[in-house]
Each structure stands twice: as C-alpha cells, then as structure tokens.
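J.: Top line first, the protein sequences correspond to chains A and B.
In terms of this note's numbering, the first sequence is residues 473 to 1165.
In terms of this note's numbering, the second sequence is residues 280 to 559.
Because the hints were derived from the structure by calculation, they are not lab data.
Using N, Cα and C, we set each Cβ at its ideal position, and we do this for glycine too.
Among the hints, erroneous ones may be present.
Residues on chain A that point at chain B, a partial pick, calculated with CB under 8 Å [unchecked claim]:
1. Met-1020
2. Arg-1062
3. Lys-1095
As a list, the in silico BS3-like pairs of lysine-lysine whose alpha-carbon atoms are at most 25 Å apart [claimed, not checked]:
4. B:Lys-510 <-> A:Lys-1053
5. A:Lys-858 <-> A:Lys-1053
6. A:Lys-971 <-> B:Lys-504
7. B:Lys-281 <-> A:Lys-971
8. B:Lys-511 <-> A:Lys-1053
9. A:Lys-601 <-> B:Lys-504
10. A:Lys-777 <-> A:Lys-857
11. A:Lys-1053 <-> B:Lys-381
12. A:Lys-1038 <-> B:Lys-338
13. A:Lys-971 <-> B:Lys-364
14. A:Lys-1125 <-> B:Lys-381
15. A:Lys-1125 <-> B:Lys-338
16. B:Lys-364 <-> A:Lys-777
17. B:Lys-324 <-> B:Lys-338
18. B:Lys-415 <-> A:Lys-1053
19. B:Lys-511 <-> A:Lys-1066
20. A:Lys-971 <-> A:Lys-889
21. A:Lys-941 <-> B:Lys-324
22. B:Lys-281 <-> A:Lys-941
23. B:Lys-324 <-> A:Lys-1037
24. A:Lys-878 <-> A:Lys-858
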Amino acid sequence: MNRRIKKLLDDVFQKKHHSLRQNIDEKELLHFTLSLKEQKLPDIIRAQKRLTWVLEKEDPVILPDEKIVFTRTVAKIPEIFTDDEWNGIKKTHHIHEMGRICNICSNYSYTIGVGLEYRRHEVRQALEKFRLQKEQRAVPFLEAVIRAIDDIENLADRYADLALKSGREDLFLVLKRIPRYGARSFREALQFFRILHYSLWASGNYHNTIGRFDQYMFRYLKNDLDAGVLDDDTALELLEEFFISFNKDSDLYPGMQQGDNGQSMVLGGVDEEGNDAFNLLSEMCLKASLELKLIDPKINLRVTKNTPIEIYDLGTELTKQGLGFPQYSNDEVVIPGLLAKGYELKDARNYVVAACWEFIIPGEGMDIPNITALSFAKVVDAAIKKHLGPSAGFGPFMDKVKQEIKLELASLVSVLKNSYTEPAPLQSLLMNGCIEQGLDVSLGAKYNNYGIHGTGISTAVDSLAAIKKLVFEERSVSANELIRAINRNFEGDDDLWLKLKYDSPKMGNDDDFADNIAVQLLKDFAGLTGSLVNERGGCFRPGSGSAMYYLWHAKELGASADGRKKGEALSTNFSPGLNVKLNGPLSIIRSFSKPDMKEIMNGGPLTLELHDTVFRNPESIRKVSSLVKAYMELGGHQLQINAVNREQLLDAKEHPELHRNLIVRVWGWSGYFTELDEAYQDHIIQRVELTIQ
Amino acid sequence: MKGIIFNIEEFAVHDGPGIRKLVFFKGCPLHCSWCHNPEGISFRKELMVSQTACTRCGKCTEVCSSDTCIVCGKCVGVCPLRLRKICGEEIEAADLAVRLLKGRDILISSGGGITISGGEPLAQPAFLFDLLRHLKPLHIAVETSGYASEDTFLRMLSEVNLVLMDIKHTDPVIHRKYTGVDNSLIMRNLKHLCEASVDFCIRIPLIPGVNDSRENMKMTAQLLKDAKNLKKVEFLPYHQTAGAKYGMVGSVFNPGFNTSEVVSIRKEIFEDYHIRVDVL
C-alpha cells in the first residue's frame, strides 16, 4: 500500500467525508413522498422520481488525491409510499424485508462495456416497439429507465465540471468518456462501476452485490498492462482505491447490522465454458484485501477440483487477518446443485453469492434466496410432543419428523402470496432481458426462485440422536419423561439433562450415529421443497444457512432434547452445536460433508473457528489450506474459517460454555482456552492483542 | 498390546508436515520443571479438574466416598459443567490405530500423517511398536526426549519417517537438576539420530536462565553440525502459561527458575552452522 492509498484509507477510517453530508430535514423527505401521493403517481414513476430527487440533490465531491470519485452527500433516501399507503399494500401483499429490490447481482459488465448512450439507444428501440403495440406497462417503465440514464449522466457531468474547476483534468477526461460511452481502460471501468453501484444504492436498492469482478474487469486490466498504461503496482494502487470506495458510504446502506450490506465479490471458479478462470486480477483482489484489511468488499473464493493449493494459501493469508473471509464455495457441488434446480449450464457456471452465501446468477436471477426459514429445532420439538409417545421405533418417528417438516413448509410457504416489490428502473437496466421485454425486474427475471434457510440443523440432529439412543435403543428414558423434562426446562432433571447434553452422540464428531440423521433430515428437507412451486412459477431452494434466524428461532423455542436449555441460541449456519465439545476439525469436516450438499443448494457455510496463532508460519498456513481443500474434496459446498480474535477470547472467558472448541496455541502446545486458569487466559488475550496485527 | 494415552489432537499444525493427528502417550521418565503437560508425567490414570468455571455447586463431593482420590470417576459424570475428567485411557494398539486412521485420506492428501508424542512414547516401547505396525504405511513422526534404551531408540529410528527430539541441556548436572535424569543416554541416542538416515528436527525448550546461555547453545549446535538429516532446529521459548494445568491435576507448579525473566533467543549460533531455526 503506498502513501496515497494509506491516506485515503485513514481518511475513510476517520470518516472525514461525513462532514460533507447534507443536512436533510425529515420534513423534506415526507414532503416528497406526500407529493407523489397527491399526484396519484403509479409506482414506477415514483421509483423514477426518487432516483431523480436523490441524484439531483447530490453535490459532487472530489476528495483530495482521489482518482475514483462519487461520494454520497445525501444521507437519506425518501420513501415512495406514505405510511398509510404502505400499510394498505402490506395488508394485501406479501412484502419481503423492505419491499425493495435487494440481494441480487447486476450485469455490470455489459453496460460498462457499451456505455449508457448505447443502452439509451436500446431502450428507445424497445420503447418504439412497445408504443406501436400500445403496451400499457412497458412504456412508462422504459421512459423511467431513460430518465435514470439522464439522471446518472447529469450527475457525472456535474462531477466533470467540478473536476475541471479543481484542476483535475485526468478526472475530467475519464468522466467525459464514461458513463456515456464504454470504458476503455481499467481506471474508466472502475469509475464506471462505482457510478452504477452508487446509483443503485441511491435508488433505494440494497444488498447490491458485486459479482464476478475478476472476470468482467480482467480485460481492462490486461489491456492496460499489455499496453504499458499500467504496471502491477499502479494497477494494484487503483484497485485498492476502488476497494476503499466500498467503505465510504456503507454506513448509509440498509442491513441488519453495520457491515451487513451485501457487498459480496466473487473470485475464481470456472468460466462459462467450464475452464478454471482464476486470473491475475483474482490474485490482485486477494492482495488488495489483505493489505487494506477492510470489511468491504467481502471476498468469496470459488474453488474447483483443479484449484491449486497455492490459491487456497492466498485465501488463508486473508483468513489470518480475522476478517472472517474469504468464504469458499465449491463449484463441483454448487454447479450440479443449480443444474438440478433447472438453471442453465452457462448460468450455473456463472454463479455468485448474494449478500451472505446464497448462490444466485448475475444478470439473470431475481431469486429471493432468503425469503423464509425453516426451523429444524422447532419441527423436531413438534414431532416429539405430538408423536414420540406413540412411535414404535426411531424409523417411524423420523417419518413423523418428515411429516412435521412438510407441515411447517406448507405453513411458511402459504404466506408467500401476492408479493409486491417496488419497481427499480435502474436495476432493471442492469438485468438481462428487462429492456427487451419491457418489464421491470420487480416483476421477475429469468430465474424467480425462492430460497428457504434451514436453521438449527445441529440442534435438531443432536436432539434426534439423543432420542434414538436413550429412548429407542437403551430405553433408559421414556417419551413422557423426556417431554416432561423438556417442558420443565430440565428443572429437577439434572441426570437426564447431563445425559442429553454430554453423553449423547453429537453431529461434528464423525460419528455415523448422529451424522446419518443429518443426512436423512436434509434429504427430507430437499425432497419436500422439491415439490413446491412459488407464485412466479419458480422453485424453492433448500439451504443450510441461518442468518439471524438462529436467534429468532431460538426465542420461539423452549428447551430441546439435545440438552439445550430455553433461551440458549441455536447453532449458527451449518455448524456444530454451540456448547458441544468435539474431537477436532477433521471430524467436523467429515461429519458436515456426509449430507448430499448438492441438494441443499441455496447455500449456508460450515463455519470453523481456529485461533489465529494456528496461522503463524507458511507451513501452518498451508495446513489450514489443506483443511479447506479437504472439505471440498469430501463434497462440502461452502466453508468459512474464523481466525479467532481478542473479542472472541474475552467472550469465551465470560461465557466458556459457548466456546468449548476454541483452541489456542499456548507455548509449544495447543489447548482448549476454556480449560485454562484465568491468569493464563488473560495472558493469551494480551498476547492476541499483540499478534493480531 | 495395551498402552495408556491421554489425548488425541486432530489438527496439529506444528508437529510435522501436512495435516496430522497427534496422539499423546501417558507417562514420562523425565520430570522437567517447566513441563506444560503435567498430566503426561504419570503412567497412571488421574483425575483432572478444570477450576476456572467451577461454580462450587458441591455435586462432586456429594458422590465422593473416599478421602483420597481413587480415580473412580464417580464425580466426573455429575458435574453439570463437565469440568472433571479422568485423564488417561488404556487402549489396545489396534483400537488406537483404528481411531487414528479414521479420515486417513485427508492426512495422506495433505502430505501429513500421525505424530506420536507424550509423555514419552519410547517409555511404552512394546505398545509403540505394535501401534506403528498398524499405522504403516502412513507417515509417522515420533516426538521424544531421547531418554530410552539404545535398542529401543535404534528400532524406533528404523520404523518412523520423522523424529522430533528435544535437547534440554548439554550439561549432565544441570540436566539432572531440572529434569530429574542424567543426559548421557540422551546424548548417546542423539549421536545415533545424527548418524541415522531418518529425517529429524531438534526442539529446544528455551528456559530463561537454565539453558538459553550462549555456551549451551553453542555446545548444542556443535553436536548437530554434521548431522546430515537434520531439517531444522525449533525453539520453544518458555511461556508463562506453562503452569496452566498443574492445578488441574492437583499439583503445584514449582519451576525452580525465574519465570518472568526474558528468554534469550540465539538463532544466529545455529545459523552460523547453516542450521535453520524456527521459533514456535
């Protein structure tokens, strides 16, 4: 990282640019919304007017030394419906999250290549066609798209004027070329991306993902390198500045938590023809992320059976920083999984991840991959209470669990009717086919599937394993005794509670007794979702992610048969139970690769936690890489490793029961952190403070 | 053949190449005052109690029927936080091999294998050699103090792929003072190791004021300078956490040296002999 980048980075950290943000009165926002209502405007016009309002209000800002510009000064975006109107819509429609387009991936590449004027030409052609046909819906939609193009070009012009006034001829030249015309250089392409991405956020769309950046930007980089316009250092410098831009306005982006903004970047994997596509830019992105240590963009690394261990090493170097990425996904599992759900081969090979881990198709997918979540723990709880007593054996009981999954799915899906999403003219311009068909993307794209998270898988599996062992095999506990104990939150049932919590088989120990239950449970989940169709004709995709549902679902649940007491969280994503002490990472990756993850193709990673001292030297980095590779070779679909940091150690000290598997390297040996005496724990925490840099 | 072990670790990253499982044999003829695995010293099972999270609920004392611990294990199962365990498991070599070989494909494809540590693996020679027979042809490393009969040591050299051997001190008197045993046997075995055709690493626990002097380092380096299969020397600087587990096995950490003294790391002495040094 050179001095210029260091300064840009420091400025962003210190939020210097926040002082440039405009003071916007809530009244002004309300006034805008109210005027839309008073004019009785249709939603597509309202969406267009909102983008116009925001972009016209924006003040161009060129920060010192900046080569890639566009900084938000309008911190708030108005609604397009008044509260009353919105409540009315909600009464008759299913609304996903905020009711806006989110969590999909644009086709940035095409527009960056041809420029907005060429896109305008395409939109006009479509408009003429639909005008002749007197198509009622397409005409205002396409007019709104043209207005979005105008708005972006106008703001770019104002930026260009400011550049000229500020003596920044370099910037002026870039902005006179793009976004009107196609990018010719790496710098122009990066600036063009920034303008499009910025404008998507300004539209009110969120979780605007980045996609296969290393693929669609590579040609610009290569041209510049070949022509000698850039060398490796100047290219990296530009890329780093570009990465910093993702962190400038991210506090304004909607999400569950700060940082939950969906700026996912996907590197590597196969190209549309099936050839390995990891390239110089993929590597450069990993390097930039490693140097900057910023939480955005969030790096995802696609791997194939041919991915060399050295590429995993680059990923592991990044993991070492403790940022929680890269998240790895396995092309050998994900692509067949997508094909089986009806995705075309070319599209499946182009998959990216949505905000978290869901596999979606850039430019083609209007999938809502997080539309709802099935709580496995709840399903098992229902099955226990209704059917455990009368069940003649574990097999028949599992049939009842399957029946409960079916009931729960039916109930979850039944509310997903008459969905409504605000129109998104700019987003539609960046999705394939919307212009030609004259249809806003909120009404659908090539793929319109829904994803269902599966939460608390380990809690459910561990509960079922305990039941199989104690109720049906040992017959040491009766169904009624178990139900009573669960209902009483194990008050007065210490013996049973200890047996369930500590002495029953657990998922993650490479023990078929428990793992085969997971295999069955996920197979049932996949089978049962397979027959569901959504109102857009799309399918339902089963997943192993939990998002924040692991807390929400825990709240609606009492104690569970794995010895989990009421109020304790469920396991996160596709991971072992929180308070379960296991043999180690090899057992975990073997357990969690036994289910057929091709069928659980909505995604949701196995998360492993390794102490950051495990990443000490090149040899141990390589071992972590080998562990990741091994999971992929075993048929794992997605994996993310945390290098455990100080905060986690402090939490482990406070709540040792939640961190039983936290391994720390202490002198020449490894031990379980929670087993150490306090003085030693403190010492390690201190040491981590020093080593984490 | 049965032996006694006290732990299996699945992802040992600093104990030989590739992904390795690490098995700890229980029992050691040495009693190094800085030992960080005090539960590895005794050849017998013992009760280990983690005091940190104990809430003093008293359930363990309710079931205890003996004045001194007889390692019956009754208190283990009643602890609501499972802070107690019986350390030490007697196991047939064949059964241990089955456990270690589970998931062997991962070990093999990463260029790893099994590391046998302790305690002192050579202190249970029949068990060790029986185990090795079952583990072959996997890559095997043995971590040893070198304190074993020459016959046992030589046989071990002929049956494993990598040896990780400690050198604590070159001076026999100091060695005896801090480890409880004389080092002449260790020195003879070191000579065998230096002449053998098996790859090896030397590990030196750097103990402040005990063995980190220039003279001792120089003596150690000279012992190693002509060894043709020495891959590297690894320094394990003494760390304050070494005493962590003493309380758990009911004993007191009494190292006999100033633990807060800064340890000297003299890599250059070895590097002058073209010996690579890693600090772990």
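J.: Taking only the CA atoms, is the gap from A:Lys-1053 to B:Lys-381 under or equal to 25 Å?
T.: Status holds; Cα separation ~19 Å.
J.: Check the hint pairing A:Lys-1125 with B:Lys-338 against an upper bound of 25 Å on the C-alpha distance.
T.: holds (23 Å)
J.: For a C-alpha distance cap of 25 Å, please report whether B:Lys-415 and A:Lys-1053 respect it.
T.: violated (30 Å)
J.: Given the hinted pair B:Lys-281 and A:Lys-971, is their Cα-Cα distance within 25 Å?
T.: Violated, at roughly 29 Å.
J.: Measure nothing beyond the straight line between the CA atoms of A:Lys-601 and B:Lys-504; if it is 25 Å or shorter, mark the hint as holding.
T.: Given that 25 Å is the threshold and the Cα spacing comes to 86 Å, the pair is violated.
J.: If you draw a straight line from the CA of A:Lys-971 to the CA of B:Lys-504, is it 25 Å or shorter?
T.: This hinted pair is violated, its Cα atoms lying about 57 Å apart.
J.: Given the proposed pairing of A:Lys-777 with A:Lys-857, does the C-alpha separation stay at or below 25 Å?
T.: violated (45 Å)
J.: For the pair we were handed, B:Lys-510 and A:Lys-1053, check the Cα-Cα distance against 25 Å.
T.: At roughly 36 Å apart (the allowed maximum being 25 Å), A:Lys-1053 and B:Lys-510 break the hint.
J.: Between B:Lys-511 and A:Lys-1066, does the CA-CA distance stay at or below 25 Å?
T.: violated (39 Å)
J.: Per the CB criterion, is A:Met-1020 less than 8 Å away from chain B?
T.: violated (28 Å)
J.: Would the hint linking A:Lys-971 and A:Lys-889 be met if the CA-CA limit is 25 Å?
T.: Since the Cα atoms of A:Lys-971 and A:Lys-889 sit roughly 44 Å apart, the hinted pair is violated (cutoff 25 Å).
J.: Given the hint that A:Lys-1038 pairs with B:Lys-338, test it: the Cα-Cα distance must not exceed 25 Å.
T.: holds (23 Å)
Taken one by one, the earlier hints fail for this structure at numbers 1, 4, 5, 6, 7, 8, 9, 10, 14, 16, 18, 19, 20, 21, 22 and 23, listed in ascending order.
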